[in-house]
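Undergrad: Residues per chain, in single letters:
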Amino acid sequence: AQTVTQSQPEMSVQEAETVTLSCTYDTSESDYYLFWYKQPPSRQMILVIRQEAYKQQNATENRFSVNFQKAAKSFSLKISDSQLGDAAMYFCAYRSAYFGNEKLTFGTGTRLTIIP
Amino acid sequence: NAGVTQTPKFRVLKTGQSMTLLCAQDMNHEYMYWYRQDPGMGLRLIHYSVGEGTTAKGEVPDGYNVSRLKKQNFLLGLESAAPSQTSVYFCASIEDRVYNEQFFGPGTRLTVL
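Taken in sequence, the protein lines are chains U and B.
Here the working numbering is used: the first residue of the first sequence is 1, the next is one more, and so on.
Here the working numbering is used: the first residue of the second sequence is 1, the next is one more, and so on.
No wet-lab data here; the hints were simulated from the structure.
Among these hints, one or two may not hold up.
[Stated by the list, open to error] Derived lysine-lysine pairs resembling DSS-like cross-links, with alpha carbons at most 30 Å apart:
{"hint": "1", "chain 1": "U", "residue 1": "K55", "chain 2": "U", "residue 2": "K103"}
{"hint": "2", "chain 1": "B", "residue 1": "K57", "chain 2": "B", "residue 2": "K71"}
{"hint": "3", "chain 1": "U", "residue 1": "K70", "chain 2": "U", "residue 2": "K103"}
{"hint": "4", "chain 1": "B", "residue 1": "K70", "chain 2": "B", "residue 2": "K9"}
{"hint": "5", "chain 1": "B", "residue 1": "K57", "chain 2": "U", "residue 2": "K70"}
{"hint": "6", "chain 1": "B", "residue 1": "K57", "chain 2": "U", "residue 2": "K73"}
{"hint": "7", "chain 1": "B", "residue 1": "K9", "chain 2": "B", "residue 2": "K57"}
{"hint": "8", "chain 1": "U", "residue 1": "K103", "chain 2": "B", "residue 2": "K70"}
{"hint": "9", "chain 1": "B", "residue 1": "K57", "chain 2": "B", "residue 2": "K70"}
{"hint": "10", "chain 1": "U", "residue 1": "K103", "chain 2": "B", "residue 2": "K9"}
{"hint": "11", "chain 1": "U", "residue 1": "K103", "chain 2": "U", "residue 2": "K73"}
{"hint": "12", "chain 1": "U", "residue 1": "K103", "chain 2": "B", "residue 2": "K71"}
{"hint": "13", "chain 1": "U", "residue 1": "K55", "chain 2": "U", "residue 2": "K70"}
{"hint": "14", "chain 1": "B", "residue 1": "K71", "chain 2": "B", "residue 2": "K9"}
{"hint": "15", "chain 1": "U", "residue 1": "K78", "chain 2": "U", "residue 2": "K103"}
{"hint": "16", "chain 1": "U", "residue 1": "K78", "chain 2": "U", "residue 2": "K55"}
{"hint": "17", "chain 1": "U", "residue 1": "K103", "chain 2": "B", "residue 2": "K57"}
{"hint": "18", "chain 1": "U", "residue 1": "K73", "chain 2": "U", "residue 2": "K55"}
Values in this document were obtained by computation on a predicted structure and should not be read as measured data.
In isolation and in its complexed conformation, chain U is listed as follows (with noise of 0.2 Å):
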C-alpha cells in the first residue's frame, strides 16, 4: 500500500516570501499522480498542482511550484510571494495509474499561517 508522509504539521511565513513545503512518499509502482490540495477554512478542496510522475520536468502553476524527485520520493511546494489568501491546510496526495488501483491517499497535512 502506498503512504503519504507530511513532517511538517505547521509552518508560518512572512508575506512575501517563500516557504516550501515537504512530502514523502512511499510505492512500488513506477506510475503514478502526484497532487498537492489547499483546504481553506470553508474547508473546500481546491487542487493546486499536480504532476506525472513520468515527467522529469517539474510542474508550475503561478507562484506554485514543485520540486519533484522520484528517486528519492519527495514531492515539496514551492509558494512564492506569498499572499493572506494563501493560508490554508494544504495536503499532499498521491494516485495511482494502474487500471483498478483509482484512489488517492492523502498525507496528515500542513497547517500554513502567513504573518502579515
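Assemble the complex: chain U is given as a structure, and chain B must be docked to it using the hints.
TA: Just chain B now, with coordinates in the frame of chain U:
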C-alpha cells in the same frame, strides 16, 4: 454546472440512528469517492466507485455502506451510527483515469452523540 454537491451540510445523530449522505455530480464523471476527515489524520478513503453499479472498499470501510445506482449519485449510509463516526465527510469525483483532477464537494459535518 453545480459541480459536486452534498446533502446535508450538517447533521447531528444519536448513537444507533441511521442516515444516508447524498453526493451528486453533474459533470458525467465515472469515478466517485467518499472520504472522511478527522483532525490530524488527513482525508481517508471510505468507499469508492469506478462506474454506475460498482463499489469498492477503501481504507476505512467498516460501519459504512454505499450505493451507485445512478451515475450521477453516490450514497453513503450509516446503518447504526457510533460516536467514532463523528467527522467531516467529503465526496469527490473524477472524469476518468486520464483526466484525473478530483473535484470535491463542500463536505458534511456529522456529529454522533
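Undergrad: Taking the hints in turn, state whether each one holds.
TA: Here is how each hint holds up against the structure:
no.: 1; hint: K55/U with K103/U; result: holds (20 Å)
no.: 2; hint: K57/B with K71/B; result: holds (18 Å)
no.: 3; hint: K70/U with K103/U; result: holds (20 Å)
no.: 4; hint: K70/B with K9/B; result: holds (21 Å)
no.: 5; hint: K57/B with K70/U; result: holds (29 Å)
no.: 6; hint: K57/B with K73/U; result: holds (26 Å)
no.: 7; hint: K9/B with K57/B; result: holds (24 Å)
no.: 8; hint: K103/U with K70/B; result: holds (20 Å)
no.: 9; hint: K57/B with K70/B; result: holds (18 Å)
no.: 10; hint: K103/U with K9/B; result: holds (24 Å)
no.: 11; hint: K103/U with K73/U; result: holds (19 Å)
no.: 12; hint: K103/U with K71/B; result: holds (18 Å)
no.: 13; hint: K55/U with K70/U; result: holds (10 Å)
no.: 14; hint: K71/B with K9/B; result: holds (22 Å)
no.: 15; hint: K78/U with K103/U; result: holds (25 Å)
no.: 16; hint: K78/U with K55/U; result: holds (18 Å)
no.: 17; hint: K103/U with K57/B; result: holds (10 Å)
no.: 18; hint: K73/U with K55/U; result: holds (14 Å)
In the structure shown, no violation is registered for any of the earlier numbered hints.
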